[in-house]
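For the record, the sequence lines run as chains A and B.
Under this note's numbering, think of the first position of the first sequence as 1, with each following residue one higher.
Under this note's numbering, think of the first position of the second sequence as 1, with each following residue one higher.
Treat the hints as calculated values from the structure; they're not laboratory data.
Note that this is a predicted model, so its numbers are computed, not measured.
Zero decoy hints are in this set.
Negatives, chain A to chain B, calculated, CB over 12 Å:
#1 Asp94
#2 Leu159
#3 Pro321
Restraint-style ranges between C-beta atoms, simulated for each label pair:
#4 B:Arg287 / A:Asp214: 15 to 23 Å
#5 A:Val71 / B:Gln176: 16 to 24 Å
#6 B:Gln225 / A:Glu165: 43 to 51 Å
#7 A:Val290 / B:Pro44: 47 to 55 Å
#8 B:Asp332 / A:Gln148: 43 to 51 Å
#9 A:His117 / B:Ser171: 36 to 44 Å
Which residues of chain B face chain A? A few of them, derived with a C-beta cut under 8 Å, are:
#10 Asp236
#11 Leu239
#12 Leu290
#13 Gly292
Positions of the beta carbon are idealized from the N, C-alpha and C atoms, including for glycine.
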Amino acid sequence: MSGADGAVPATSGPLLATRGLTRHFRIGGLRGHTLHAVDGLDLTIAEREIVALVGESGSGKSTVARLLAMVYRPTSGEIVFRGQSVSSFKRRRDLLGYRSQVPMVFQDPFSSLNPAHTIGYHMERGLKLHRPELDREGRRSEAERVLQLAGLVPPSAVLAKYPFELSGGQRQRVGFAQALSFKPKLVLADEPVSMLDVSIRIGLLNVMTSLRDDQHVSLLYITHDIASARYVSDRVLVMYAGHLVEHGPTDEVLHQPLHPYTRLLLSAVPDPRAELKVTSSDLGEPPRVVGPGEGCRFRWRCPLAQDVCGRVTPRLQEATPGHAAACHVTVPGPAAGAAPAAQGARLPGDA
Amino acid sequence: MSPQAPLPPPSAAEAPDVAAPRTASGPVLSVQDLSVSYWGGAGPARAVDQVNLELAPGEFVAVVGESGCGKSTLLFSIAKLLTPPAEVTGGQVVFGGQNMVAMTDKQLRAVRWRGMSVVMQSAMNALNPVASVRAQFADAMKAHGERRKDVVLARSEEVLRMVGIDPVHLSSYPHQLSGGMRQRVMIAMALLFSPELILMDEPTSALDVVAQRSLMVQVKQLQAQLGFAIIFVTHDMSLVSHFSDRVVVMYAGQVVEQSPTRPLFDGPMHPYAQGLLEAFPSVYGPRVPLLGIPGNPPDLAQLPQGCNFNPRCPRATDRCRAESPRLVELGDRRVRCLLYEPGGTDGAKP
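Chain A on its own, in the form it takes in the complex (with noise of 0.2 Å):
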């Protein structure tokens, strides 16, 4: 394994938290406003644990995600990883070795791999890179066992093949396949299957469900398809405008939702066996991310707000154990706001 996880002692608590997570991005040329993609996010993700990151488009998720990778620097808060903070990571082997334990596979198949190499090829360079301790008999071999753990059979044609002669769920696979092959402890995946059709699907979250159970990989899922969350994650943290607004073991969620904004996205999930009920005058816009300010961010959009939604940011506050929420109305907490440290002491996933 990679030099840094020598030095990293294997500790009892979870596999990966963050705590007061965020990012601002400054945009706007002179007049200058700051977008807060990301703001005081405090997520765990445990060994072993598929968890769902849901949110649509603008929420941050994907942002998330890179700050994760550290394609991202955070503007504030830190990442720890098995016990030791990310961001104290200076020289390159730490880097290394914490990307090769935490790699992500990226949304669009189509565009991840290069058309000119063959599967061999990425394979090789992957591993090259982050597992220097092989040959290159065992590059081979080990290209050959994780493509088969993805599913991609026999792994020697495959390796042989060049992108476009697979579909766009095999290309989709051998990106799974180079993130297993680092040996990684933690799987971003960043809508993995949005980009794939519907009965494709369905094959690569089994694959991702049978590296939870079978390879002891724990992933972070994030996507905005609330139902394929659904079928793949132990927990989900829902996520609106860079804030958690909720978040709990995934059926607890799903089946008594607490925000009202997962209860939007659970309405807006097509159910072709259902009759369509509500003809939402909801647009689906991007949250307000630029400037926010206080308050609650989903107000604008949310059917029960009230006065105090514009005045005071919601915290999370759990509703039963696991399960959290951030809203003034469903989840009223005994001081609502009033004491912003109390967010550190209640870390989401403390079940």
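Chain A is already provided as a structure; the job is to place chain B on it using the hints.
Chain B alone, transformed into the frame defined by chain A:
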């Protein structure tokens, strides 16, 4: 409703010269035995295989199927947007009394946008990233004969309002808009000339569920208001379940099932349609492992013997491997499966 002098719809412009007697309730579009092939090294790949489709005015028809089933090719051939190596090898597309397949570019110019417009899948790629929305709207209108600046501006503002976007966004560039807004801008653009028919190629596939839902609701409302017909191509069958009047399921270039929407979702007949419907994880039902449809769609240049779907079909029999099924008419539905033909698959009825 349009501020510009409305042109007579192309349908009324000329007396029908081929087929389809045009009455008030006649079809707006009639696709007859249309076949399209892609010419490649492995021989012709038949992406559209003798497809028949009629569209009544104001009707919403969804065409569903997996990638590579020919659904987008069908749409492109209707719009006459095919480029080599794709070629129409047979049949015709009658729109407004004219056969689109035989039209010259000049004739097409009169039909496109005014009679029929297309909303492409990826609005990010379909919109020009270095031109404002206003410039692109003006460009489209200029290309189709409307040059008066005030008319162009008024109409641009009007269509943007129709799709629920504040006209201030006329000066926005595509990157400043969200995915949902870009897709709405595309739809607004398609509405510039109030066409009779709008072809939509997976317009919502890049959107998340909430935006997707709202876009569908909006399209439906606009349709009720303006009365255009829609052909909506998608791989996500559940998406159209509440919005389309009719669904056409395609597999390997062929129509395998065609049905009014509700009966199809209540009881899909073709095993492929059944498989498609079962590929959706449910939000409320029991959490059961799903399989989707095993395997991949066939190579269109090397189709299997017999029924195209037989290698993936859970109910395939020897007869399916030998004999190609016909499209059987059953009431207002049509299905291409031996299960529904006389003799069935060894007498086994579904």
